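Peer 1: Here is how the chains run, residue by residue.
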Amino acid sequence: MKYLALVYYDENIIKQMTGDEWTSLNRECLACVDGLQQQGHYLDGSALQPVDTATTVRVRDGRATATDGPFAETKEQLAGFYMLEARDLNDAIRLAEKIPPARLGSIEIRPLRDITPFGDDAPQDDRPWADRNR
Amino acid sequence: MRKEIEAIYARDSRKVLATLIRLLGDFEQAEEALHDAFTCALAQWPEEGIPANPSAWLVSTGRFRAIDQIRRRVKFEDITRQLDQPTSTPHAVADSDDEMLEDDQLRLIFTCCHPGLAPEAQIAMTLREVCGLTTEEIARAFLTTPATLAQRIVRAKNKIRDAGIPYEVPGPSQMSVRLDEVLRVVYLVFNEGYSATSGEQVSRYQLADEAIRLGRLLLALLPAPEVKGLLALMLLQNARRSARQTPGGNLVPLDQQERSLWDRATIQEGAALVTDALATRRFGPYTLQAAIAAVHDEAPTAEATDWPQIVGLYDVLMQQSPTPVVALNRAVAVAMRDGPQAGLTLIDELLAGKALDAYHLAHAARADLLRRLGRIEEARIAYQRALALAGQEPERRFLQHRIDEMGAGVA
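Going down the list, the sequences are from chains A and B. Numbering follows numbering that gives the first Met the number 0, in which position 66 of the first sequence is assigned residue number 65; successive positions increment by one, without gaps. Numbering follows numbering that gives the first Met the number 0, in which position 185 of the second sequence is assigned residue number 184; successive positions increment by one, without gaps.
Hint data in this document are derived by calculation from the structure and do not stem from the laboratory. The model shown is predicted, which means the values in this text are computed figures rather than measured ones. Take the hints with a grain of salt, since some may be wrong.
Stated by the list, open to error - Here are the simulated DSSO-like cross-link-like pairs (lysine-lysine), alpha carbons at most 30 angstroms apart as the crow flies:
(1) A:Lys74 x A:Lys1
(2) B:Lys2 x A:Lys74
(3) A:Lys14 x B:Lys156
(4) B:Lys156 x A:Lys97
(5) B:Lys2 x B:Lys14
(6) B:Lys156 x B:Lys14
(7) A:Lys14 x A:Lys74
(8) A:Lys97 x A:Lys1
(9) A:Lys97 x A:Lys74
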């Protein structure tokens, strides 16, 4: 059997952490992944950027809309996931519109976050348009 | 010289900012760079004279200063990796002509109005980044605190960076949907300035003026029929600004407005834009609403209004965007053309559909028709229903006035 383990927490707890606490949590996570990998249990996984970065895509009557935020309705349940490689958010929206349940419910798009053992939380080189349009 | 530089700031700072955002890939850095560039201009131009192409000078100076700043902060290897791409020398900027700068302004507009940003953040970003209003000015116009507004803008910039919202003009397949979004933001800014009357009047007027300026900018950059239609609509409504309120702040309905107060030059400009947009045959709801506004604006008196033409325009509008509010406005026009009973029948049908039940103007329009039919008691109930739902003070005063008037008539 394969299982998906979903991670939930209150982001406010994270925001209140000191830099050291945050770095140490990230190191623990990396160690956890290492351990699972060695035991052959780890298939794939990633941390996500904070919920502020979420965009929700829906298709209704053939018309796609994107809105800010994780606005899944409370009566909707998590039904699956796609890990997508996309150039930028517009590209990701375009791909998400093609996911069939976008017509029934909603597809929440969140960028992934690299877990680093260095406490370097704000990578400066992943600006979306820094090296395009040149 | 200082005055000239200030004039260049007013004219070019947003253009320069738009290009710096593209070159530096970051709103905050671009704003710092813009500030540095103008500081340099104030120091250098009085001695060396104003350069032939001030915007290009400001862009390359701002960019140089930003790179300099980053060099001081980050290791040299990092910076060469980030910024010293082959084509990104300052000369490339100086050589790029005005067309490139115009594209950057469009990029900025479409980024600020990206659907991935919350609607209120789109408005705040557009006013702050594209129009150059201060957070204090925007906060005042929207009756919120500068701190709340500043936080909204910071959050939007973080989302742009972290979620990967690209700095680009949408391609042809996305253009019409994304342009709708931009036009919606511009019209919301206009309406906030034109209709809502609860804030300080001066800052409200500034919003309407900014929306019109945005409309003009957008039309210069992207001359699509609906851009023309929206600008026309704003001009034709704004032309009545001095007549739609008494000095005491009471609303004056269209048919009672003093038409000599209407701004004729603005009406002419708006009407000409409508004619242009209609001639393309690719027009949409904004153009049609503008055409309706033009028919009102061009009538010498309220009685001379061409209601059959207005109903005809609403018919076309209903085909394009069949919303309950459009249907309501059409019903009111039908009442003017065919008499109150015809309009009342339509409005009652609409209200039976429930979508308009909580909309105060639907009940106000119904009350008005009942009053004209002499059904005073029903009219009073409908006015009271409208009053219970109305949020803005001048509208409430207007409805209360109507109720009081009828009371006097019956007694």
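Peer 1: Now tell me if each hint is right for this structure.
Peer 2: A quick look at each hint next to the structure:
no. : hint               : result
1   : A:Lys74 x A:Lys1   : holds (26 angstroms)
2   : B:Lys2 x A:Lys74   : violated (61 angstroms)
3   : A:Lys14 x B:Lys156 : holds (18 angstroms)
4   : B:Lys156 x A:Lys97 : holds (28 angstroms)
5   : B:Lys2 x B:Lys14   : holds (19 angstroms)
6   : B:Lys156 x B:Lys14 : holds (18 angstroms)
7   : A:Lys14 x A:Lys74  : holds (28 angstroms)
8   : A:Lys97 x A:Lys1   : holds (25 angstroms)
9   : A:Lys97 x A:Lys74  : holds (22 angstroms)
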